[in-house]
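Q: Those protein sequences? They're chains F and R, same order as listed.
Per the working numbering, the very first residue in the first sequence carries number 1; after that it's consecutive.
Per the working numbering, the very first residue in the second sequence carries number 382; after that it's consecutive.
By construction, these hints were calculated from the structure, which means they are not laboratory data.
Since we're looking at a predicted model, the values are computed, not measured.
Treat the hints loosely; a few may be bogus.
[Unchecked claim] In silico SDA-like pairs for lysine to any residue, Cα to Cα no more than 20 Å straight-line: (1) K46/F / K524/R; (2) K46/F / P518/R; (3) K524/R / D50/F; (4) K311/F / R412/R; (5) K170/F / E181/F; (6) K277/F / Q167/F; (7) K194/F / D50/F; (8) K223/F / R457/R.
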Amino acid sequence: MSEMWINMGPQHPMTHGLWNLRVHVDGEMVLDVDPEMGYLHRGIEKISEDRHYNEVVTLMDRCCYVAGLAWEHLYILSAEQALGIRPPERAEWIRVMSEEFQRLGSHLMWYAAFVQDIGLMAPFLYGMRDRDLVLDLFQSYTGARMTYEYMRVGGVRNDLPNGFTDQSRKVCDWLIDRFEEYDRLCLASAIFHKRCDGLGKMSRADCVAYGVTGPMLRSAGSKRDLRKDRPYSAYDRVEFDVATADGADVTARYLVRMEEMRQSVRIIRQALDWLDKNPGPVMAARVPRWLGAPYAPIGNEGYLLKRNYPKGLGLSAIEEPHGEAQAYIVNDGGEHPYRVKFRSPVFANISAAKKYLVGYRIADIPPIMGSVDVCVGECDR
Amino acid sequence: MEAEFPALVSARLGDRVAAVEVFPGTLGRVRFRAEAALDVFRSMRDDFAFDHLSMVGGIDWVDHREVFYVLWSDARRAYVILSTDLPAENPHIESATPTWPGANWHERETWEMVDIHFDHHPDLRHLLMPDGYVFHPLLRSFKLHEPEELEVKTRNV
Numbered sequence: 001m002s003e004m005w006i007n008m009g010p011q012h013p014m015t016h017g018l019w020n021l022r023v024h025v026d027g028e029m030v031l032d033v034d035p036e037m038g039y040l041h042r043g044i045e046k047i048s049e050d051r052h053y054n055e056v057v058t059l060m061d062r063c064c065y066v067a068g069l070a071w072e073h074l075y076i077l078s079a080e081q082a083l084g085i086r087p088p089e090r091a092e093w094i095r096v097m098s099e100e101f102q103r104l105g106s107h108l109m110w111y112a113a114f115v116q117d118i119g120l121m122a123p124f125l126y127g128m129r130d131r132d133l134v135l136d137l138f139q140s141y142t143g144a145r146m147t148y149e150y151m152r153v154g155g156v157r158n159d160l161p162n163g164f165t166d167q168s169r170k171v172c173d174w175l176i177d178r179f180e181e182y183d184r185l186c187l188a189s190a191i192f193h194k195r196c197d198g199l200g201k202m203s204r205a206d207c208v209a210y211g212v213t214g215p216m217l218r219s220a221g222s223k224r225d226l227r228k229d230r231p232y233s234a235y236d237r238v239e240f241d242v243a244t245a246d247g248a249d250v251t252a253r254y255l256v257r258m259e260e261m262r263q264s265v266r267i268i269r270q271a272l273d274w275l276d277k278n279p280g281p282v283m284a285a286r287v288p289r290w291l292g293a294p295y296a297p298i299g300n301e302g303y304l305l306k307r308n309y310p311k312g313l314g315l316s317a318i319e320e321p322h323g324e325a326q327a328y329i330v331n332d333g334g335e336h337p338y339r340v341k342f343r344s345p346v347f348a349n350i351s352a353a354k355k356y357l358v359g360y361r362i363a364d365i366p367p368i369m370g371s372v373d374v375c376v377g378e379c380d381r
Numbered sequence: 382m383e384a385e386f387p388a389l390v391s392a393r394l395g396d397r398v399a400a401v402e403v404f405p406g407t408l409g410r411v412r413f414r415a416e417a418a419l420d421v422f423r424s425m426r427d428d429f430a431f432d433h434l435s436m437v438g439g440i441d442w443v444d445h446r447e448v449f450y451v452l453w454s455d456a457r458r459a460y461v462i463l464s465t466d467l468p469a470e471n472p473h474i475e476s477a478t479p480t481w482p483g484a485n486w487h488e489r490e491t492w493e494m495v496d497i498h499f500d501h502h503p504d505l506r507h508l509l510m511p512d513g514y515v516f517h518p519l520l521r522s523f524k525l526h527e528p529e530e531l532e533v534k535t536r537n538v
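Work out the full structure, taking the sequences as your base and the hints as a guide.
A: Below, the structure is given as structure tokens:
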């Protein structure tokens, strides 16, 4: 009698984006869920087939709007493999630093949104305030706070400005103290534990079977982190620990993300030290002019220059703030990629929603989905 | 282990696999026969410990379609790519969802975008596009810059 299907979304505080969670409930209990995606589908894979390789970078910022630089990094790694271009070492370190700052930015955004979901209002402002410092750094070297368009096939667009590393260290020092504050705000709160402990359980075996990755998988005891398991860019030259927890619940995911932010600061400090000591070019010397940055049409023929480049395939996988992201690029010798396929970690994490939502109560859905860290932009692409 | 992998795959799967191509950064790109898909999936999961399916994607080569799978093995700490060709007319292949439950949404997306049908998929319906959407946007015949006309049927909730 009290069984019914209800819609949580597409406009709902829980969703953090545009998607609809259809919930089958019996009174308070969740019997079944059916996520409906596609509200933010912009056809990025299709549009990419109509763009030059460097122009796709613009789309990557829109793909995940809280982790634009991580997605640029993902796409560029794959495009470089497909095109057979290698970036200079300094560009690789700048990319690593950018990705880690982006992880901080993304996790701080997650922290702000997540604690608000569970009813703690003050930490929201703390998280947003500190994320602004990271955005200020992005603004100082990419010129933008959200849509960076910074990375290029064969390197990055420009070198870091004077004084950037000192300013970054100040931000790191500030943030590392704030993390203690965040923990005191949350872990000391009875509300936090009542709303998070033991919810959204998903065992390690289930995570692997359903393709769930990132902090969700590591909160179930796995040490899987592509930065360690399959190092890309300069990650084989930095020291850090993989954050894990054993609870496999919402609290465990909180702990994993908090530890990841501390490890990010640790990686950033090593990258800044390296960048201070090793000036050099940030673009590869032998990049075809039509791929070069800043992009400009060449002569009258402009974009129609015939390519004389080998065909190739590219597969890149990075540990994006939400989990394992992949890009598969088919280069058939044309000026545009023939096919670009992205794997979004959020896409896979939401697809397993039945596993971690069924059996809990309606009021548990906001904290559980908050701990999944949904970014609909990259899920729908 | 990486160097032996192609030989191991050939020995285990015989003529179900056409070739194991070199793909930098992975153990290889296994080109298998579409009819033997289920055997290949199960063997990859049980014999070669590829327990995590990262993604499924389709490519429209106009005269034929390609479907590819990217797998990860925690034990081997490596990726492998499975790939097979399907005819352009009525392309269909056995679903990987019974083997890896995580393939569910990836196959739904591939079906609606590249029009590859997955046999025995538990729930093959639209995911990113609305119900009743008749186009397959990632086919080469679907041109950008051209208007489309369609009537969208919403689901009865």
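Q: Now, for every hint given, state plainly whether the structure supports it.
A: Okay, the hints, checked on the actual structure:
no.	hint	verdict
1	K46/F / K524/R	9 Å, holds
2	K46/F / P518/R	7 Å, holds
3	K524/R / D50/F	10 Å, holds
4	K311/F / R412/R	18 Å, holds
5	K170/F / E181/F	17 Å, holds
6	K277/F / Q167/F	16 Å, holds
7	K194/F / D50/F	50 Å, violated
8	K223/F / R457/R	14 Å, holds
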